[in-house]
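S.K.: Read off the chains here:
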Amino acid sequence: MVQRHLAKLTVPFLFLLLGPHPVGAQDERGEHIYVTWTLFEPDKCAAVWLIKRHIDPDAQFVFFERDESPPPGIGLDIPEAQFRRYHNRCTYETLFDHHRLVDERLAYIGRIMHDIEVNVWERKAMEETPRVEHEVMQLFSEDDLQGNVDACLEYFDALYSRL
Amino acid sequence: MRLPRWGQLLVWLVFAGVVYLPAGQLIVEAVAGSRPDSAIDALFLTASQWSLLGRNVALAAGASLLAVLIGVPYALLCEKTDLPGRAFFSLAYLVPLLIPPYLHAIVWGRLLAQNGPVNQFLMDLLGLSSAPVDVHSPGGAVVVLALAYFPFVTLLTISGLKTLDASYEEAALMHRGTWRTVTRVTLPMIRPQIGAAALFVFVFAIIDFGVADVLRVQVYPVEIFIQFSALYDERSAIMLSLPLLLVTALAIALQVHSMRGRSYVSLEAGRGTTRWYRLGRAHGVAAASCGAILLLSVLVPVGALIDAAGPVQTYVKALDSSLEQILISFAMAVVAAVVMTGLSVAVSLALFSAERFGRIVAEYLSQLAFAIPPIVLGIGMIKLWNRPETGWLYGSALIVVLGYVAHFVPFTIRAVYSSLQQLNPSLLDAAALTKRSNILVGWRILLPLLRNGLLTAFFIGFVLSMGELGVTLLVIPPGTETIPIKIYNFMHYGAEQTVAALGLMLIAMQLLLAIALFGIGRWLGPRSR
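Quick mapping for you: the protein sequence lines, in order, are chains A and B.
FYI, the numbering for the first sequence is 1 to 163, going by our numbering.
FYI, the numbering for the second sequence is 1 to 529, going by our numbering.
These are calculated hints, taken from the structure and not from any lab test.
Mixed in with the good hints there might be a few duds.
To be verified - One-sided excerpt, in silico: chain A residues whose CB lies under 10 Å from chain B:
id : residue
1  : I33
2  : W37
3  : T38
4  : E65
5  : R66
6  : P79
7  : N88
8  : R89
9  : H114
10 : D115
11 : N119
12 : V120
13 : K124
14 : E128
15 : P130
These numbers were taken from a predicted model, which means no experiment stands behind them.
The beta-carbon is built from N, C-alpha and C at its ideal position, and this holds for glycine as well.
Given only the sequences and the hints, what does the whole structure look like? Please build it.
M.R.: And the structure:
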């Protein structure tokens, strides 16, 4: 009797352990609309550029304050989103992997973003990381969010063409 | 009940395959894959790496010393005195173990931040221009680790005190006062247990990644993590891990040596023979001291998490966004705890069945596994299991379960083996006379007799697995998250409310399981019949 109950309990456990666990699939509600916090930092800046230039040219970015509920759309670089920073990947890398992009220069920018975002300790893997981080941080203005998007596009266009 | 030789061999092969193969293969590959001189060169650390290792040893020693200073007096007060609320204090000290160390770090990091409430209060009170306390320092990590791990010291000290022969203390009391009896007789007699507990905390602290990472303290395991995850230099990460492995292996060997022939957990022994000291006027101070320890290690962390989580909606939101991760974490921890308990029974029987010399070696081997830092175990598991033929395992949550088992099974073995050592062998001899099969005797006689040890092992395995971060960070498949990983990821976003709510849910789940197991233990126990 006890064994039979245990067997019944084991089945859902094994399903949970062996089955796939897609994270945040519910995020993809609004096409072309990406919702994110108002705060800008290099990884988000690069992710915005990657979406606009290499994934979805029609993308629009909707910003909201961190203490508000997210409006409908694809979450970007927010805790509940699929496309966000994980312990081993930055937001840029999750987008790059998800869309299976194949481009050496894009991958190189991904390594710089990983170095900024995931390698948060003092020592950096790549020589240009501190410079890129410093330059990108100079781009942002608190009042002009659309201006920030434009600045990100301009900066990473230039970086991409230099590589 | 003894295992045949082939049975013992089978058990040790499974144990070695799960526990030692990942790290063993990793080290052999790293050393064999390079020229002998370069492999030897890699073992010589740079000056900064030596300094980091030295700092890490000092930090772990500090945490260990502080845990002893907290844990031993607490155990003495609970076990040897007429402390008011003794029954409560004797159980409540275990609660900090339900709070993973990185949650302690998150809470204290928030409370003692430069602009946190404690520093602000002290600055206003003392008229200071800068924050007097900096928790983001090695000293801060020492305090956090000691608060998280002192229950191990208390547990082992109480275990030693329970098995103490009170006649020595009685004899000493005839000539000396209470203080001298405690310091000159009682404490020296339980020195092995205190030493073993101190070494336990030392190893936990030196391999810790979570607390150091949360408090941004540069320690040796973080350096290994940087080499592997940030700089993608796998070989450097492995070679860098060897000195740490030597230090931890030495500590574990010393610990096993000091506890040889002694029990880690006293399940029933010694009751009724304890010598109690009267506290007299010190009643209030003693109770207040124990209360203060619980305040800092339980009430402040839980209270701060409740405060940070805010309204009920936060819990609803956290549950809504993390229900799947909660279920996965729970399922993985339960499966890991069951596997650990089963493996522990097999290993304990193999230990029990071994000849004298073989038993000594096997005892060391069963415990040395904990010397493998989680970061090394994680890298080893990636190298071992990340291949096409084992993709079904590596790509599923079972790889995380395997990581939990490999990392924590030494603890569950201790619980079951202690229980086996405290059995009356004549019960098993009598069962053997019935000429029933070994399996039937094991099922009908041995397992019921081991129930306390099994429940303890299951609980230890579950709690440690639920809070595990170091191995999980490296081996968890893409798209899967556990609660600790979710907390770790959310921390980066400053999502303090969700982190606090998830932390509280984690603690609550463990507390509920503890209460349930305690109830099951009593229900199955002989007194209820």
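S.K.: With reference to the structure, classify each hint as holding or not holding.
M.R.: Right, here's what the structure says about each hint:
no. : hint : result
1   : I33  : 20 Å, violated
2   : W37  : 8 Å, holds
3   : T38  : 13 Å, violated
4   : E65  : 13 Å, violated
5   : R66  : 8 Å, holds
6   : P79  : 5 Å, holds
7   : N88  : 6 Å, holds
8   : R89  : 8 Å, holds
9   : H114 : 8 Å, holds
10  : D115 : 7 Å, holds
11  : N119 : 3 Å, holds
12  : V120 : 8 Å, holds
13  : K124 : 8 Å, holds
14  : E128 : 15 Å, violated
15  : P130 : 14 Å, violated
Consistency with the previously given hints fails for numbers 1, 3, 4, 14, 15, ordered from lowest to highest.
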